[in-house]
Structures are given as C-alpha cells and as structure tokens.
Amino acid sequence: MAKTVTAPRARKSFSRLKHVLDLPNLIDIQRESFDWFLNEGLRETIDDISPIQDYTGTLAVEFGEYRFGDPQFSIQECREKDLTYQAPLSMTVRFVNTETGEIREQTVFMGDFPMMTEWGTFIINGTERVIVTQLVRSPGAYLMEPKDATKQVFTANLMPSRGSWLELEIDKKGVVYARIDRKRKLPITTLLRALPAEDPTTGFQLDTSTNEAILKLFDNSHFIEKTLDKDPTTREEEALIEVFKKQRPGEPPTLDNARNLLRSLFFDPKRYDLTKVGRYKLNQRLGVDVPEDTRVLTTQDILALVQKLVAMPHAIGLNEESKDYASDGISLNRDPIRSELDEYEHFGNRRLRTTGELIQEAFRVGLYRMERVVRERMTTEDVDTITPQTIINIRPVVAALKEFFGSSQLSQFMQQTNSLDGLTHRRRLSALGAGGLTRERAPIEVRDVHPTHYGRMCPIETPEGPNIGLIGSLASMATVSEFGFIQTPYRRVTNGKVTDEIIYLDAAEEAQYTIAQASEPVDRNGKFEHDQVLCRSSEGEAVIAGAKDIDFMDVAPAQIVSVATAMIPFLEHNDANRALMGANMQRQAVPLMIPQAPLVGTGVEHRAAVDSGDVVVARNAGNVVELDATRIVVEGRGTRDEYDLTKFMRSNQGTLIHHRPIVRQGDKVSAGAVLADGSSTDHGELALGANLLVAFMPFEGFNFEDAIVLSERLVKDEVLTSIHIHEYEIDARSTKLGDEEITRDIPNRSEESLRNLDDRGIVRVGAEVGSGDLLVGKVTPKGETELTAEEKLIRAIFKEKAREVRDTSLKVPHGEGGVVIDVKTFSRDNGDDLSPGVNELVRVYVAKKRKISEGDKLAGRHGNKGVISKIVPEADMPFLEDGRPVDILLNPLGVPSRMNIGQI
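For the sequence shown, the working numbering assigns the number 1 to the initial residue and increments by one for each residue that follows.
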C-alpha cells in the first residue's frame with residue numbers, strides 16, 4: 001500500500017536551482033495596506049478637510065488626534081450574531097472663534113469603523129468579505145498614438161487622481177489643440193496665454209505676452225506657428241474670456257469669473273489632486289523639478305508637456321510642408337520616438353489601489369459630505385451655544401463607509417470553497433470597479449498579456465469568461481511599492497557574477513536593465529557557465545547578451561506566476577490554456593473528508609496553507625500540555641498560549657471549515673509550527689484532492705468525450721467524500737392578527753413527524769433529517785372568519801383550544817437532508833438585536849456527507865477535467881501486473897490535442 005506523504009518533513013526537492021528567496025507573506029498586500037490606512041491614510045484624509053471654516057472665515061472647526069477603541073464584539077460573536085466587526089473611532093475636535101479667540105474642545109465619536117481581521121478579511125453583517133485590490137491608470141502625463149490616426153498626428157494628456165483632465169492633440173492640419181474635461185477644443189496658445197505669468201505655487205515665470213515669446217518657448221516650432229494662425233486672441237484677458245466661453249457656454253463671461261474658473265480647474269488643491277504618485281510620475285515623465293509636495297498642476301508642467309508633444313513629429317521626420325500631417329505621419333517609422341510613446345497597458349503606468357486606499361477614498365467622500373453639513377450649521381446656529389458635538393453630524397461618514405463595504409463592486413463576498421480559493425481572492429487584482437474600466441468598454445489591449453506583467457501579475461490565472469484579462473492574480477513573489485506600483489525581486493549581477501543581493505524593481509525602473517532568467521546555469525562561485533546568456537533586454541525583447549553585460553537575474557522560475565499556478569507541477573510542459581483551467585479549477589475543489597497532500601508537489605503547498613490562515617500555527621515555542629478536539633494549550637518559557645479550534649463551521653460557499661489537531665500531548669513545538677490542520681490541508685500542506693492510480697485507456701466507450709470511469713473503491717473507502725453544511729433560518733414575527741409562535745403544538749401533525757423536536761418545537765442536535773422533515777415548529781394566526789353554529793359550540797366548550805392557526809413550520813427542502821449539527825436561537829426577550837417586527841429567530845445547521853457519484857465533475861491540476869460517467873465495481877476495473885486494480889480511467893485522446901503533457 002502506498003504510504004501517504006506527510007509534509008513538510010518528507011518533501012524531497014529535485015530542483016537544480018539554488019534557493020535564494022522565500023515567498024513573502026501571501027496576504028501582506030491586504031494587511032500592510034490597512035495598517036498604512038490606520039496610521040497614515042486616515043490622518044491624510046482628515047488633514048484634507050481640516051480646518052472647516054464658515055463662509056465669513058470667523059469660525060472654524062479643527063480636527064486633531066484620533067484613536068480607535070477596542071471592538072465591542074469578538075470576531076466569533078460577530079459571525080454568530082450577524083454583526084460587523086468594527087472599532088469605535090473618536091476624534092479630538094476644536095471649535096475656534098477667531099473674533100473672540102474662544103476655543104471649545106471636545107472628543108467626538110465619529111462612528112464605528114470596520115476592522116480587518118488578522119487574515120486580511122472583514123466581517124460585515126456576519127459574513128466574511130474581501131476588499132479586492134484595483135488596477136488603475138496612474139495619474140501623470142501620457143504621450144500616445146492617436147485613437148484615429150487619420151485625424152490626429154499625436155495626442156497627450158494630463159490625468160490627475162482627482163480633478164479636470166487636460167488633453168492635447170496635433171490635428172491633421174498641424175494645429176495643436178487643448179481640451180479640458182472633454183469639452184470643446186481650443187488652440188493651445190490660447191490656453192498658454194490665459195495661464196498666469198507667475199505660477200501661484202512654484203513662482204515659475206511664463207512669458208506668453210507676444211507671439212514671438214510663445215514661439216521662442218517652442219524653438220519656433222512649425223506647429224505652434226500654425227496654431228497661432230488659428231488663435232483668435234492676442235492678450236491674456238482675451239484668452240481668459242475665450243477659455244471661459246469654451247468651458248461654460250451660455251454663461252456671461254467676466255474676467256474675474258474666467259480667472260477663478262482657470263484657477264479652480266488646475267491650481268486649486270481642494271479640486272485638483274495629482275497625489276504623491278502623480279507628482280512623482282509627472283516629474284519623471286516631463287523632466288521637471290517641481291517639489292514633491294506640490295499636488296496641483298503648475299504652468300511648468302503644461303509647458304513641458306506641449307514642448308514634448310510638438311517635438312515628436314519633428315523626431316520622426318514629418319515634412320513641415322505637408323498638406324495632411326496625419327496621413328503622412330502614419331507611414332513614418334516610429335523607432336526614434338519608441339521610448340517616448342506611452343502605453344496604457346504598461347505596468348509602469350498602471351498602479352494598484354489597495355484596500356487602505358479604497359477605504360480612504362470612501363472615508364474622504366463621507367468627510368466631504370459632512371463638511372458641507374458642518375459649514376451650514378456654523379452659519380445657522382447660535383455662535384454662543386455651538387460645541388463640536390452639536391455641529392458635527394457623523395451620519396454621512398457612517399453611510400459612506402457602509403455603502404462602500406456593503407455594495408461597492410470591489411467589496412466582495414469572500415470565496416471560501418477551499419483554502420486556496422480564499423487566498424487567491426485576497427490576492428486578486430481587478431481592473432473593474434469605480435474609477436476603473438467596465439467590462440463592455442475595455443479594449444482588447446488591456447486584456448492582453450504585456451511584457452511588464454513578468455513577475456508582477458500572473459499571465460496564466462484569469463477568468464475564462466467576459467472578465468478575461470481584466471481580473472488577474474498577483475505573482476507569487478511580487479510586492480507593492482510606496483507609490484502603488486508592483487515590484488518584483490531580482491538578484492544583482494556584478495561583472496558577470498551573480499550575488500545574493502535582492503533588489504526590488506517596478507516596471508519603469510526595470511526598463512533600463514538586461515535581465516537573465518532564473519534557470520540560467522551558474523557555477524558554485526556564482527559565475528555564468530555560458531559566455532552568451534539568453535536575457536530580456538531593456539526593450540522587452542529576448543536577446544543573447546555577454547555575461548558582463550547582465551545587470552540582474554530572476555530569483556526563481558515561480559516568480560512569474562501566481563500561487564495557484566505555482567501549485568501545478570511540470571507547468572512548463574502544459575499549454576497555457578490548459579494551465580489556466582488547472583489554476584482556476586484547483587480553487588473549485590471541495591474539501592475532502594480525508595485530505596491527502598499531493599505525492600508530487602511544487603514546494604508552495606506548505607506556505608500557501610499557512611498564509612491562508614486556515615491552519616492553526618504556534619505563536620511561541622513550547623510543549624503541548626493540554627489537547628482535545630476543541631482546544632490546544634502550549635506552554636513555553638513564561639508563555640501559555642491557548643488555541644481554540646473551529647469545529648464544523650459553514651463557509652460562505654457551504655463547504656466545511658474545520659480544524660483537526662496534528663500534534664500530541666507532550667509534543668515539543670517550535671514557533672510557527674502547524675498545530676492543527678484545516679479542512680483542505682494535510683500536515684500543514686495544501687491538500688485539495690486525492691492521490692489516485694490512473695490508467696489512460698478506453699473503456700467500452702464510457703470515457704468518450706472526456707468522461708471518466710471510476711472504481712467503486714473510491715466510494716466504499718470514502719476517498720472522494722466531502723461534507724457540506726446547509727443553514728436554514730426561520731423567524732417568528734408580530735403580525736396584524738397576532739404574534740407567530742415557535743411551538744411543538746402544531747395542528748394536524750402526527751407524533752411521528754414531531755419525534756425529533758424538543759419541547760420548544762426546535763429539532764434536537766444529532767437528529768438525522770430527510771426532505772420534508774420538520775426542523776422548527778411554528779404557527780401563524782389565521783384571519784377570523786364567520787363561525788358556524790357547530791364551531792361556536794366547540795369554542796364555548798373548549799375555550800381558546802380551537803383557535804385558528806396555520807402551520808408555517810420550517811421543513812427540510814426537497815432533496816436535502818443530513819444530520820443536525822447545531823441550532824442557534826435568538827430572541828428579543830434575551831436582549832438579542834433583531835430586525836423590527838421579529839420576536840424570535842432560529843438557525844439550524846444540517847451537515848450532509850456527499851459521496852462521489854455519477855455526474856460529478858473531476859479534474860486534475862493540468863486542466864484535464866471531465867464528468868464521471870460510470871462507477872465500476874473494483875473487480876471489473878483493469879489491473880496492473882501485480883493485480884492492483886486502477887482507481888480511475890481517462891481517455892488517452894484527451895491528451896494530444898490539449899497539449900497538457902504535464903499530467904503524464
């Protein structure tokens with residue numbers, strides 16, 4: 001009999017490559033981001049609106065220090081009682097009257113704030129949710145090929161994180177136009193004239209007083225000359241009026257209004273925000289040296305962008321005397337400006353908005369709504385009686401957070417089919433959601449794999465449906481930089497020698513280096529064995545380079561793929577389409593009753609299991625002093641740690657969450673050792689399926705078209721048996737005709753049908769129930785009808801006994817059944833918080849053991865999936881030389897055309 005492999009001790013690595021770097025913690029992308037928000041992000045947002053001044057400027061509200069209290073309920077209580085796991089946020093607020101110099105200070109409660117659990121999830125209304133990281137276009141400047149090459153030569157745009165877009169284009173006549181917020185276009189020289197001569201934030205001097213001065217700024221560019229011919233203005237005042245007319249058609253233009261409009265469009269920090277990232281990208285892209293704390297646009301930025309734009313047609317050699325610049329420019333070689341053109345798909349231009357940033361945005365929206373209310377109240381209420389408590393209304397803030405966590409596209413119901421499913425969900429990257437793309441309008445290019453995905457986003461794991469390419473997964477070794485760009489680790493190479501120094505680079509930084517792959521042979525001293533090495537060049541092309549010319553080397557082959565993909569052995573022998581299916585189907589595996597770690601693993605299984613948070617890990621070293629099925633106690637030097645084990649809990653998907661101790665009493669454990677397995681782990685390793693003996697052979701046509709033939713042994717020995725838990729709920733409400741009642745006294749029910757109910761009318765734990773059986777007895781008052789003489793007589797004799805009630809009991813639905821494993825009752829009399837009109841609530845949990853059967857789907861890790869067509873007695877299965885019958889028969893024709901040779 002084959003011995004089951006217990007991990008992580010018995011794993012033998014056959015890798016020929018040196019192990020350089022461990023995987024980072026796999027859910028740190030969630031936790032670190034939320035910690036940043038608590039410590040810095042919240043402060044930033046508060047400082048954005050503080051102080052709030054009234055319309056006269058004499059009264060102000062300032063927000064000082066903030067602190068979080070302790071959550072009122074534990075995570076377990078929140079799950080049981082449908083509550084949100086949250087902590088109260090309080091803030092020191094000062095009300096200042098500048099006329100009298102009076103200051104009133106108070107601590108104001110700012111609402112309850114949902115808190116992240118240590119596993120990177122949130123408990124909202126009792127269910128576990130995940131905030132998915134969003135992939136968005138980074139704020140900054142972009143110079144691009146036009147969408148319609150017959151109408152424009154080149155386009156450029158300035159995108160802030162918040163505020164007006166500025167788009168520039170050179171049209172086919174050679175005129176440079178600007179568009180603000182997709183409104184009507186105006187000649188760029190008009191906009192330049194309208195800009196202030198001295199920048200309000202940096203003091204940059206811009207001389208656009210005459211046509212000569214403007215031409216001088218652009219080296220007498222032919223395109224600027226053409227634009228000046230089209231420009232109807234000659235002075236700053238005219239230009240301001242012209243900009244105002246284009247932006248606000250129909251409103252009477254005045255100089256003051258026009259000045260204020262231009263200021264509010266680009267130079268007002270309240271309305272325009274590039275963020276730290278935007279300023280960093282802008283300085284980098286345009287080669288300007290504006291201070292990093294300048295979050296608004298400057299005249300220097302706009303000038304530099306126009307200069308870069310008008311230089312591009314000259315660089316590709318576009319004839320200045322052309323009649324149609326666009327059609328003449330199409331055929332010209334783009335190589336001279338290849339490095340100048342930006343692509344949206346490049347990971348140097350796409351950044352991550354992580355959990356913390358998304359919550360910060362929701363909180364900011366709430367604060368801005370609150371700011372309006374505060375300002376109005378300062379104006380209307382009596383100055384002498386105002387206190388911070390009376391004028392601050394926290395409702396908008398609480399509502400904004402509730403809306404984000406409850407109904408945002410990025411706040412998702414956590415997928416918990418198995419441990420890998422939950423882990424992958426927390427590492428997901430989505431281009432959809434508020435501020436991102438929409439499924440229908442996403443261009444093909446965005447969905448494509450880009451060279452800069454290398455080591456950052458998995459090229460394999462993505463959905464197969466309409467979301468293909470829009471939803472991805474973070475690569476296994478990637479981390480997030482302070483600006484939100486994805487970085488990947490490399491080993492530094494100096495003079496042809498590979499060192500163990502690890503450097504993290506983002507896509508923009510990596511562009512200038514030559515990088516060797518991880519599988520390149522290296523001798524004991526770190527020197528490349530071959531003089532000529534296959535590398536990625538700075539252009540993203542594959543080139544052969546000399547060992548001395550190499551700057552970096554990959555850390556490991558697994559760094560380019562996600563965790564789920566890294567769990568496919570012999571991945572390199574599979575076609576990418578099948579690997580995609582394999583990675584996705586591992587997440588759909590139902591946890592088995594007896595988990596088995598794979599005989600052939602890839603070495604990622606242990607880390608994936610531990611980081612998913614589904615196994616119990618020792619916090620400190622020590623001895624196991626107490627142990628039973630529900631708790632483990634470890635005593636060390638001066639420490640005593642108690643670990644409560646979860647038993648038979650239902651996951652979001654109805655599968656089992658359950659802990660099994662794998663240590664014994666008296667065992668010595670080290671810190672970080674696995675004490676108890678989860679429902680889809682085996683000795684601390686991810687175990688999503690079973691190790692079966694497979695034969696590739698036809699079997700009387702039963703495995704035609706990917707169908708699968710199974711041995712009955714798998715049913716008998718419960719190798720592929722899983723446990724599923726159903727939750728049934730019933731409530732007793734107050735109705736117009738009286739209160740509903742949970743009771744055992746149900747009309748027209750036999751004693752036999754009530755056998756499993758206790759005296760309250762609720763099913764007992766341990767009862768076996770089938771479809772149609774009663775779980776909770778409940779009666780509802782019926783409407784009073786005209787009584788017949790006989791009924792009146794019965795009423796008179798038996799008084800209330802013959803009252804009119806209807807049986808509205810909770811029954812097991814058709815086709816369901818199992819064993820009752822838990823019953824929870826909530827009642828208003830016990831002080832439980834129930835919905836209006838509900839007096840009692842009962843939840844019954846029924847567990848069902850499901851054996852493998854015909855019609856079930858079975859899949860391997862290589863995308864080889866099929867439906868079970870027949871379960872054959874062991875005696876009828878083909879057998880090996882030594883007489884062992886095989887477990888499963890697959891069709892050999894399923895391999896060649898699918899090209900997933902890894903399975904063999």
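Source of the hints: derived by calculation from the structure; they are not laboratory data. It cannot be assumed that every hint is accurate.
Derived lysine-lysine pairs resembling BS3-like cross-links, with alpha carbons at most 25 Å apart [to be verified]:
| # | residue 1 | residue 2 |
| --- | --- | --- |
| 1 | 81 | 147 |
| 2 | 276 | 151 |
| 3 | 824 | 81 |
| 4 | 173 | 183 |
| 5 | 216 | 183 |
| 6 | 848 | 716 |
Hint by hint, work out which the structure violates, then give me just those numbers in ascending order. Those not satisfied are hints 1, 2 and 5.
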